[in-house]
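Residue strings, one per chain:
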Amino acid sequence: MDLHLKVEVLDAKTREQLCFLDKVEPHSTIGDIKSLFYKLYPRWYPARQSLTLDPKGKFLRDEEILQSLPVGTTATMYFKDLGPQLGWTTVFFAENIGPLLIYLLFYFRVPYIYSDRCAFTSSPHKVVTMACVCHTFHYLKRLIETIFVHRFSHGSMPLRTIVKNCLYYWGFSAWLAYYINHPLYTPPSYGEVQVHYAMVIFAICEMGNFSIHLSLSHLRGDRSRGRRFPAPSKNPFTWLFFFVSCPNHTYEVGTWVSFSIMTQCLPVAVFTVLGFIQMTVWAKGKHRAYVREFKDYPAVRVAIIPLIL
Amino acid sequence: MASSEEDGTVEEKENNNKKRTKSALTTAWLTFYNIAMTAGWLVLAMAMLRFYIKKGTHKGLYRSIARTLKFFQTFALVEVGHCAIGIVRTSVIVTGVQVCSRIFMVWFVASSIRQIQNEESVILFLVVWTVTEITRYSYYTFKLLNHLPYFVKWARYNFFIVLYPLGVIGELLSIYAALPFVRRSGMYSMRLPNKYNVSFDYYYCLIIVMLSYIPLFPQLYFHMLRQRRRVLYGEVIVEKDD
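If you're matching them up, the sequences are chains A and B in order.
First residue of the first sequence: 1390, per the numbering used here; consecutive thereafter.
First residue of the second sequence: 19, per the numbering used here; consecutive thereafter.
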């Protein structure tokens, strides 16, 4: 008896048959199908293929096995082109290199930004230099984490999304850098005290954020013990895990709040608020996923703000 | 982009595919709301006509209807709430953008910059909005009452072809006319240095608003054209996916 399956791939929009695969092993994965499809259509590399069982349904994951899907001897799948894709590392790199360099352009007062007589001058305020150090450190840390620490799950992201994200991050960093490094910048109302306290909190949050990223990457790397949820370790910064599911986001919000206080600049505060909203959405999603997956998930934990959110 | 023609079409698709049971209270509220808004815009239309017939000029017309216009246009914010709680099947963002752009025109351009209130462009968009809103709200009303006359449906899906571009022209010309007055008065603007290290120039903000019509208008217009072909002629249009 022939145990092989047949796979038919139709275009999700026009329903025309794009390919017909004969003699497919039942234990092949969607990833295998995508590779076969790619051989027939070289411009659609696997990362930009979306295969679904229903034209309007959710896309099938690469790890799914053909046999386990609700199909008969002939599987009909619908193909959608997701557009050009870029790997996560490239995405993060592009998103973070922009703000790093753009801020420096403003700090050094490159010509044509401010008036001519201010070109290449430096601000008399210490806080402006401190802010530059903090901002640069923050993005350098992110770049280093992108290269050495983070382990990304999904393969890629569509090009359109990356352009949108880069516009957002780059645009905002230009906007806030413009005011902080402006010749008419007004230092914080409570002077040195405000700046120093803010810097301390900034340092704590950066260290916290880094600790969490390290902890998460160890979790991912250690597949031998099966799937576990993140938990506090000996590092005091990870003790935030007692209270929240995503302390990396909590620390990140803390970083930006402290940066807002340090610079007393409204655009920074706006960026902080928008970032907080976005990170809360992400944290809530992650929290829900954890609760669903792990029956013994600690009940006291919330998504992002201890005991509150 | 102040045309409110966009929404409600998703609502129709859903109604065609599966009957969505709404509670009696929801239907009653929506019916009341749409009747009230139809009536409101009819009142505005009557007031505008009466003014013009009596005075023979459009000068001072805006001032005479400003309060009523502000009331009914602002009340439309409620529609965002409808989408948010799900009793109307349209995207919150789309409705939000449209209502906000209308409110922006009314409160931040026409009402606050007195010198342009006698411009012809203001009357142009007022007339366009009035006709559009009366058509739209009466369409929803009839639909909710399950007695939709074909001509109302025809009007809703054909008037926009002319009204939408006319409305955009009226709005753009009005903002353009307002620019010199904004520049001179420095209204809604904040300059450096200040405690919060931020600045805002309303003049450039208005220019950016005008420029934003360029990408937004064609998208909305062609979307409406596609909806029209589908609703009136049953054509299945394959839309370009994002």
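Worth double-checking, as some hints may not be accurate.
Unchecked claim - Subject to a maximum C-alpha distance of 30 Å in a straight line, what follows is the list of computed DSS-like cross-link-like pairs (lysine-lysine): (1) A:K1515 <-> B:K171; (2) B:K171 <-> B:K161; (3) A:K1445 <-> B:K171.
Claimed, not checked - Cβ pair distances, simulated, as ranges: (4) B:I53 <-> A:S1578: 51 to 57 Å; (5) A:R1681 <-> B:R209: 50 to 56 Å; (6) B:L234 <-> A:R1681: 37 to 43 Å; (7) B:C118 <-> A:S1504: 46 to 52 Å; (8) A:K1673 <-> B:D219: 48 to 54 Å; (9) B:S130 <-> A:S1578: 42 to 48 Å.
Said to hold, decoys possible - Among chain A residues calculated to face chain B with C-beta under 10 Å, some are: (10) V1413; (11) H1416; (12) G1420; (13) Y1568; (14) C1654; (15) P1656.
The set of hints was computed from the structure by calculation and includes no laboratory data.
Don't be surprised by glycine CBs; every beta carbon is placed ideally from N, CA and C.
Consistency of the hints with the structure:
1. A:K1515 <-> B:K171: violated (66 Å)
2. B:K171 <-> B:K161: holds (9 Å)
3. A:K1445 <-> B:K171: Holds - the C-alpha atoms of K171 of chain B and K1445 of chain A are around 29 Å apart, at most 30 Å.
4. B:I53 <-> A:S1578: 51 to 57 Å: holds (54 Å)
5. A:R1681 <-> B:R209: 50 to 56 Å: holds (52 Å)
6. B:L234 <-> A:R1681: 37 to 43 Å: About 39 Å separates the Cβ atoms of L234 of chain B and R1681 of chain A, which means 37 to 43 Å holds.
7. B:C118 <-> A:S1504: 46 to 52 Å: violated (35 Å)
8. A:K1673 <-> B:D219: 48 to 54 Å: violated (37 Å)
9. B:S130 <-> A:S1578: 42 to 48 Å: Check failed, 31 Å falls outside 42 to 48 Å.
10. V1413: Hint violated; V1413 of chain A Cβ to chain B Cβ min 28 Å, cut 10 Å.
11. H1416: violated (32 Å)
12. G1420: Constraint on G1420 of chain A not satisfied, violated at 23 Å.
13. Y1568: At 5 Å from the nearest chain B Cβ, Y1568 of chain A passes the 10 Å test, so the hint holds.
14. C1654: holds (4 Å)
15. P1656: It holds, given that the least Cβ distance between P1656 of chain A and chain B is near 6 Å, below 10 Å.
In summary, the numbered hints that this structure violates are 1, 7, 8, 9, 10, 11 and 12.
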